[in-house]
Structures are given as structure tokens and as C-alpha cells.
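Residue numbers (our numbering), protein chains in the order written: chain R, 73 to 521; chain B, 28 to 659; chain U, 23 to 160.
Errors might be hidden in some of the hints.
[What the hints assert, rightly or not] Here are the simulated lysine to aspartate or glutamate pairs, EDC-like style, with alpha carbons at most 16 Å apart:
| id | chain 1 | residue 1 | chain 2 | residue 2 |
| --- | --- | --- | --- | --- |
| 1 | B | Lys504 | U | Asp100 |
| 2 | R | Lys391 | R | Glu450 |
| 3 | R | Lys182 | B | Asp84 |
| 4 | B | Lys208 | B | Asp251 |
| 5 | R | Lys182 | R | Glu268 |
| 6 | B | Lys208 | B | Glu301 |
| 7 | B | Lys208 | B | Asp647 |
| 8 | B | Lys265 | B | Glu301 |
| 9 | U | Lys83 | B | Asp647 |
| 10 | B | Lys504 | B | Glu524 |
| 11 | U | Lys83 | B | Glu524 |
| 12 | B | Lys342 | B | Asp220 |
[Said to hold, decoys possible] Label-pair restraints from in silico Cβ distances:
| id | chain 1 | residue 1 | chain 2 | residue 2 | range |
| --- | --- | --- | --- | --- | --- |
| 13 | U | Ser56 | R | Ala142 | 47 to 55 Å |
| 14 | B | Gly563 | U | Arg125 | 53 to 61 Å |
| 15 | U | Asp100 | R | Lys391 | 42 to 50 Å |
| 16 | B | Gln434 | R | Val195 | 26 to 34 Å |
| 17 | U | Arg125 | B | Glu501 | 52 to 60 Å |
Read the hints as simulated data drawn from the structure, not as lab findings. Note that CB positions come from ideal geometry on N, CA and C, so glycine has one too.
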Amino acid sequence: MDDNLNRNVDAIVIGGGIAGLQAALDLADQGFSVAVIEKDASVGGKMIRLSKVFPTLDCASCITTPKMAAAAHHERITLYTYCDLKSLQRVDGSVRADVIQRPRYVDAQKCIGCRKCEFTCPVMVADQEQGGFSPTKAIAIPFSNAIPQIAVLDPEHCMLCGRCERVCPTQAVDYFQKPRPFTVTARTAVITTGFEMTGMTDKPQYGRGTIPNLIDALQMERLLAPHGPYNRVLRPSDGKAPDSIAYIQCAGSRDISMGLSYCSRVCCMYAIKQAMLLSGSLPLADITIYYMDIRAFGKGYEQFFQNAQAMGINFVRAKVAAVEAGPDGSVRLHYEAQDGEGVTTSDHDLAVLSLGLIPAWHPDGICTLATGTDRFIEVLRPKLAPVQTSMAGVFTAGAASGPKDIVDTITEAGNAAMAAGRYLAAQPGSTPRPAETRADIEATVHIDG
Amino acid sequence: MTQDKKNDNATAPRIGVYICHCGGNISDHVDVDAVRRQIERMPGVAVARTNMFMCSDPGQAAIAEDLQNGTVDRVVVASCAPSLHEATFRNAIRRAGANPYIYEHVNIREQVSWVHHGETATAKAADLVAAAAAKAGLLKPLTPIRVPATRHATVIGGGVAGLSAARDLAARGIPVALVEKSSYLGGQLARLDRIAPTGERATDLVRELAGAVLEHPDIAVYTDTQVVGCDGYIGNFKLTLRRQAADALIGAQADDIPPAGIRPTGPSAAERQETALETGAIILATGFRSYQPRRGEYGFGEYAPVLTLPALIEKMARQAHQGPLLQIDGRPIRSVAMIHCVGSRQIPGIHTEDEEGRLNEYCSRTCCTATLNAADRIRREHPGTRVYELYRDIRTYGRGQEDLYEQAARNGVVFLRFEPDQEPRVTAADPDDGFALKIQVTDTLTFGETLDVPADLVVLATGMEPNDVSDLVEMMKLPVGTDRFLLEVHPKLRPVEMPVGGIFVAGTCQAPFDVGETCNAAGAAAVKAAAMLTEGHVELDPFVAEVDTARCQGNGACVEACLNPGALNLVEMQIDGQTVQRARVTPALCLGCGACVAVCPTNAIDVCGMTLRQYEAMVDAIVAGPAAAETV
Amino acid sequence: MGPAIQAKENKILVLATESCAYPGADSVGQAHSSYPANVYILRVKAPVLFPERFYLDCFAKGIAGIIVMSCGEECPYDGAYHALARRLDRVYQTMKAQEIDIRRLRLTAICTVCNRAFLNEVNQMNELVQTLISAGHA
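Sequences and hints are given; from them, build the entire structure.
Written out as C-alpha cells, the structure is:
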């Protein structure tokens, strides 16, 4: 095994979600070598965790998995997962990333992804990959289509009983694994650090996360996913199939009281999409979307919205002022109706907060990238150079520079790869190199030997 | 003993079968050694081995050794899912100096040992390995197809998308021909003034982009030129360009004439009337035109003070009038009403189709922000002019756009919201009112109250329509969506590609976009073209159709069934002194789907690496199992 | 009478597309969900490759049931799904003419994470095959 993870490549991509994967593929296909640094144990980002995606309603896994696999198998791409970026600096015309790979407590070179450890482990923990609705084990493969397929031990919950170590056919479990610092140097970098959702607990008027059966949209994605926690849509408090479901739009966006004045750009469409999927799985349920403006602006989106209305999904134009727990596990909404009835309340069996998007990563203390007042990465020329950051030779794409849907993210990632390619081509003595001998790095080892 | 039963015929395949224990993952449920013993006796199998971990170095070394010493020339590995290790073993075979396509993978973990237990698991594993061995005996070495590619790209359209794509490609060292129908570069952007939310001048952006393109030695700019012919395929297109009469000059200066764009002053790249161009990739950047309202639509064409938003922007850009009231065409405007979604978000049954029966059901994406930008500017520069916005939904989705919306509201723009089935009505005002027009609107923001808005000016926020490119659509076999925009292969998997290999799409010919989004689309298209042209050749999978001309009778059923027009053709050839028609595959265009295979009456066409005979052999082995195959 | 199903000939063939259904079957394996061992999965690029006679030959050879697991509308080859559906319609007509139970051939769409749908399909086909075997004919 090569203990030295250090690499010298043409381009570093920070973040292995759909933006980072697309940028890496488009750079590698131009002949440049790429290292992708991902914080999670699997690449794929938010997209691989979704059920189906608008406006085509095709399955998110079927669209994401091919790109994940293409990146993992690409001879010029190295994937580093489970890594924290400690610093990103320009040094003598190059970009230097100092990274620490967190311990999985499983030897990535030895693990064959067979899950024997997971089946043997006696410790159940809530599976955050399933919205916390169903259990996983203290040692497990992150999720079924994760890449790489390497188990991760959760040291917070592990009882050190030793069963996984004994059952592992390759002796891959290593309770003494240490964090591994390493350095990647390159000539350019692409920042694709994506987004997180605003917190359930952020807004007192919405119960700060204490109302049963008030869930967030990513949890609903898991309930709707083909391999979700219950295999169907049930409300979490009592397992009842909901007859009435509410969507509360702009719960965390366009809301100055929460310090988020901007539009999160995807919530209208994901709520409509979820509503359509719900009306498929619960044909008798009433679904109501409480909204301020429906922003269906992308290709095919307006027709998608019109189809949802034709399917009988209710659209109520109102900003929901407050939410509280209602009788029998229901969720009670208070809102001002536009039909002149004044302040109205309505009870629903299940309610979904369409939370907004905030940056998943902030450059504070890591690099000198400028950010906007919205805390997303600043692009200096949003019209002619929408991927150029404040650092020379550093580019960005996707939700790192503001909320974006998947279609816009993928296109922007292509442009970031173009801009980075142009930057590389302008450097002295730079021609794309043929593939170097394959480095036996952790993330690729399981896939390619 | 395997050596003993080796077939005498030197050309017969010698199959090596390698079965993985996967550290118990397979061998806990499948009797790996029993499978090996059964397979070993199959005809054609030269050697069968097992290993604790086939993917490990010793496992791979065993395959390499057998290949290198000539024991085997076909390889079957039975292990986990092919998505995990098929590439591993193909690479191991390549490293051992053999052709990687003599390999067949068997999935006995995900599809056997993890889903079946006991004797049935072993029996099924043996059947599957036997099937793979049967297929392996029929495998041929294959070579990836290399299509030479002309290191040159052609961009059609000289607006933001085309300029941006041309500049990007040239910066990557790829010579570019930029073909523009009109005499000007800059497209629709040149008609705009200051653009939201950055406040940059559109003309500055056009000047910067067009300047970079005109200065670049590797970009040939063909203005007043149209593409009138297209032949060939990925990497090898032949285009015919035709020059036409130049547009009439607008204004006095010849090189920079807003709102038309930049007119190149140097010699045009097209020296002759017709130019033949060999090019490797084509980027379509043919752009949009602004929706032209019907006569009578919100009073358009009936009342002079009803303008489209682009017309308002042009008029405002040309006059630098200061003062409390906006002036348009010399008239002071005390009140302006701006109506959103004109020619966009049209709903069947509510809106009127155009003369060809079409509705624009899509959202044009940019008009909300453009309208707010104009409204806010009027309020800031002419505080005496009242501004009303009549809208359905305000779609300020992008970065900085919501701030613009709030700013416009703070600056006193009045918002009224209408339902699509209760459209505002524009009529002449009573002479006593003192205003030219009044707009009746049922406002859902005030609980459905019907209001009369007085106005000296009505501005229609018109949407985008794709330019008419029916000639290119026909010539290049391009798909068009129901919205009449060019339709990409898949919005997420292949968002800038046309189904015809080597043709890409960028900007507002695909869907409404703003300037930044257009530049992203242009870069995304350019990066695909650059990746394709970097090596000077395109390398394609060898899994394409192949015709056996001895069997082909030239009946053309395959050509008809082919899903990618052009991939299969009937050509004349001489066989035994006779001129006959035979099918011919253009590998660069073949998708390898096999639609042709199914329809050939003489079994004369097959897909390399997955022939019908191979599948039939697999079915035979599955039915019979290894024990029976032994006696065949 | 068409070809009868003999007691030992209970094998079910699945033609699974490499981009959707085949990884879908792998996903079932990763979940360690069990299904009948008489189900044999062949990886295909696009099932539009197979002529009508391929299906009929399979039945003649002794295959008890065939499930074509395509990508459905998400098919990467534009037009292939409809060509396939039309072809299978013709196969059904021949099967009827040859008195082969048409339920022995199924066309379905399975995606990369359609675990339940996959299990439903193979279990239903297996039940059918077992019923036909115990009835002594197809």
C-alpha cells in the first residue's frame, strides 16, 4: 500500500457532488489530470440522495450513478473521499490544497464492500442517509449506491465489541486508524462545495423542530425514494398513511427575519415534484402547496407546474405565519388567505417545510476566496464569466455560488471546466498529458483494483 | 489434466475460467470448488482456477500468467458485479499483452450468493459460468474505433452564446469558424441597455466579447453568411457556407452600431459566394427573437402608447432625458403599467393560439427581472412617474434578483397580481381622465378587487421565442421540442448535446436564459467540443454493428430499423463481377443498440462483442448447465 | 399444443439493460433480498437486438419464462423502446398461434433502484411458471 496520498495534478476539484463530478469529467476528458476532494464517505453529493428529479421525473440514482462511476473509473481522475480541506493557497503559481482524510477505521485498500461487518454489528443507530427514519449500524457502507463501497465505522456509537473485526474476510477493520494529512498541488482549482438546507430549528414560528410530523423536504425525498426507509410514505410519529399533506414554501428563503433574503430557486419545483410523486403513491391524499410566487422558470418547468394543477394539487397563495402541533398528530398551519377570509388555520396529517439553501462550506480560515453578503462564493463577473472567483485560477460551479437546480448546475460545471481548461492552456509549457500510470489511491482501489 | 484435453485444433479457443471466493462472500453460499470441477470439464475450457480474492494482485497475476504462457486466450472471471471489477480484469488482460475484449464477466455475488442460498446457489453459479464460457468461446479480439477528427469547430450564430463559445474554443487552440447570418455580432444582447442585476452596459459586454473574437487569429468570422449544406459525421463534417448581401447600414459608423451590434470592418473570412468548410464539431448558437404581440393583444397595435419591453429599453437607452417625468417619444409619462408574461406561460383554453395554432406555454425566465430593472430605473430617475407592475408570479430566482425586487418595491413600484383567466384589459381612457389608457385588473393581492389603472404608457414584458432554424433542423436532423426550442439529448445526462454526435447546442436556441446562463451553456458546449477535438481523433467503443457481406442480401430492413439515421446505408459494391447492394455501417455513427440485428432476414448483421449467436449460446448453456454442455 | 413446461425446465430468463435493470438487480443483491434461484439475468445493451424468433427459440429450448427488463421511457436509445414494444406484440401473436401462454413473456421497465419492482416481477413470473408446471402444460 502506498502510504503517501500526496499528488501533483492539473486541477483540484473541491466537492464531489454532481457539480464536482461533471467538472472533473469535463476536465479529464480534455486530457487534464484531476483530484476530487470530497468530505463525505461517498461521492454523489445531494443528488444521489434524492428520489426522482424534476422536470423529467427520472430517477436520481439512474442519472447520478453513471457520472459517479465514470469519474471513479476515469484514468485521469483520483477521488479522495472522507476528507477535510484544511487550506487552499496559491503558492508560486500553483494551487496547494492541504487535506486531512478522516479515519474510517476501515482499511480502504482491504475492504471489499461485502457488508459482513454491517450485518454482524449489534449497534443500531439512526440512519441519517434515510432521513433518520430507519436504523443502520455503527459500521456500515454509507448507502446502497455509494462510491466507493467502503464501510465506515462510527466511533461515537461503536462499543468496540470486536465482532466486525473478527468477521471481516480481509482484516480491513482497524480500530487504531489515524487521520491522514496529505497535500495535493495543482495549477487550477474548481470549488463545487454545494449547499446545505437551512435548519428545522431556525424559526421559532415553525416550532424549532419540535412539531411531530413536520418534516423537511430532504426527509420527504427519502420517504419517496424507491429504497427509502419504509418503502412507502408514512408519517413518522405513528406510521399512519397521511390523507392530507401540506407544503410550506419559502420556509427559510425570501425571509429577512431569518437573514435569508434571497430565493432558494429550487424549492418551488421540488415541492411540485414531491406533490406529484405523492399523488402517485397516495392517490386519495389532499396535497396543498402554500406559496408566495411559483418560480417555474427552467426548461419544461412551467408545463410541469401546469400539469400539477391539472392533477388536482392545490396551490394556495399565502405565506404561512406560524405552525403548531394540532390534534391527533396533525400539523396546524396559520396563514392569511388571499380570498379575503383573513387569518385562517388548516390542519394536515403531515407537513413539509420547503427549507432554503445555504452554502455547505465557507472559505473562512481556509482560503482567501471572497463571498457575497449571502455567504455564497462571490463571482466577480456573473454575466460574462459566471464561474470566475476572486482568486486567480480558481473557479466555481453549482450551488457553491448560489442556489441552483441540477440542470443549471451541470451546465455551469461544464463552463467551469472550460474556464479551468483555458487557464491551464494559457500557462507556460502546458499541454494536456496522456494518462499517467494509475495511482493506487484509496477511493479508486476498490473499483479498479 | 487440463492440458490433456486441450483441443487439437490450434485455432479453437482456450478458455480460462477464474472463480472468486470473495473471502467467503461467494464461497459461503456457492461451492466454488464444485463449480470449478464442473466447468473444467466443459469443452473449450483449458483451465479453471479459484482464488480467495480474484481482484487481488495474486488473482490478477494468475490470469496474466496463463495468458502469457499461452495456456488460455479467452478469460472468464466469476466474481462480483461487473460495475465493480469488469474494468479491473480487462485492464489486467491488457497489461498482460492480450486484447481486453476476449473477456467475459460473471456476476456470482450480487446476483447469486447474496440472493440465493444452498445447493440452488451453486447450481445457478455453475450455469452462469457455463453460459459465460460458452459466450467466451465465440468472442473475438476487438479494437476501439478511431475516427480521425478535423481539429476545427464551427459555431453558428454570432450572439453572446456563439461569441463566447468561439472565444473558449480558440483559447484551447482549436481553430473556429463563426458563422453569422446578419452583418453584426452581438445578437439580442446588443439591443439591451444596462442589464440586471449587475448594471453593466450591454454594449460593453458585446464590445468585449466581439473584440476578443475579432482579434483572435484562430477565429474566422463569416458575417452575412448562412450554412446551406451539411454532410458527414462526428469529427468529419463538411459544411457549405453561402454569403448573402450585407444588411443595410444603420447609422453612420460602420464598426459599432448599437442596437445592432458590432459590424466587423476587416475583410470577411468568406472570399467567395460559397465556401466549403471541413470541421470536426458544430455548435448551434442561433439564439432567440422577442415575442411579437398580436394586434389587439393588450391593445398592442391599436393604441400607440402600448410598447414591448425591448422597445421601451431601446427608447430609454437613446434618450438621456432628466426630469421628474419619464418621456417617451416626446410625451411625458405620468403613469406606466407593465404587464408580465406576454407571449409566455400561455395556457390552452385561456390564451389565443397564433396563426399556426401554437401557444408559448413556457416561462421566458428573464422578463421578470428585466421588467423590474426597467421599473426600478424609471422610479429612481423619474420619481414623478408612477409605475405599476401587473404580474402572475414574480420570478426573481437568481442571485441579486430578489434584492432588485425588494428595491423596486421600496422605490414605490406598485404590484398588482392577476390570475391567468382574468387578464388585464387595456382600453382607451375616458377623455376626462386625462390619461391615454386605462387598464382594468382584478388584483388578487387586495382580495380580488377590480381596479382601473390609469396609464400614459403600457409596456408588455414579451418573452422569448427561438429563431426559425427550420433549414438547419432539416439539414442536420435536429430534434425540436414542443416549445419549438432545440431539444437536447437529456437535460441532465447530456444537456448540451444533440443526438447527432459532434453537434452541440448553446444558449437561447435551447431555452430562455439570461446572459450569465448563456455563457455557462456556451462554455459547457465548448468544453464537450474541445474534449472531442483535443486528440485529433475520436475513440469510440468497438461495440458497433458489423455486416457479413457474404450473407447480406441488401434488402435494407436494417437501414429502416436503424435508430441513428446515417449509421447504416445501402451501398453498391462488386461481388463476383456483379454489382450488388449491401449494407454498410458507419461505425462513428453506430450506437450499438442492435435494432438492425433483430430485423435482418439472413443474420448478416451483428453487434461486435454481443452477437446474437453469443446470446443463443448462453441460453443453451443456461438450459443445459455445465454437465450437459460437457456432452455436447 | 405448444411446448409444454416440463418439471425440471423452470428456468426464467431476464434480459436486463446494462444502464438500468442490470444495476437494479445488483441493488437487490446489495440489499441481500432473496428471490428464486431459477432466475437467470443476461446483461444486454438494448433488448431491441433480439428478433422475434429468439424469444420463441428460448421457449422451444425449454426456458419457462422471459422478462424483458428495459429502461422504459428512459431508454438511452431514442426509439428503441417503441420498436421493442412493437416487436413483442408480434411475438405475443405468434405465441397465441402456437398456444404458448403469453404470460410467459413480460416487458417491464426497471431502474437502478427499483428493488421492489424487480422482486415483484421475478416472484410473479416464478409463481406463474410453478402454476403452469403443476398444471402440466403451458
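Evaluation of the provided hints:
no. : hint                              : in the structure
1   : B/Lys504 <-> U/Asp100             : 14 Å, holds
2   : R/Lys391 <-> R/Glu450             : 30 Å, violated
3   : R/Lys182 <-> B/Asp84              : 12 Å, holds
4   : B/Lys208 <-> B/Asp251             : 5 Å, holds
5   : R/Lys182 <-> R/Glu268             : 32 Å, violated
6   : B/Lys208 <-> B/Glu301             : 14 Å, holds
7   : B/Lys208 <-> B/Asp647             : 61 Å, violated
8   : B/Lys265 <-> B/Glu301             : 13 Å, holds
9   : U/Lys83 <-> B/Asp647              : 7 Å, holds
10  : B/Lys504 <-> B/Glu524             : 13 Å, holds
11  : U/Lys83 <-> B/Glu524              : 43 Å, violated
12  : B/Lys342 <-> B/Asp220             : 10 Å, holds
13  : U/Ser56 <-> R/Ala142: 47 to 55 Å  : 31 Å, violated
14  : B/Gly563 <-> U/Arg125: 53 to 61 Å : 54 Å, holds
15  : U/Asp100 <-> R/Lys391: 42 to 50 Å : 44 Å, holds
16  : B/Gln434 <-> R/Val195: 26 to 34 Å : 54 Å, violated
17  : U/Arg125 <-> B/Glu501: 52 to 60 Å : 45 Å, violated
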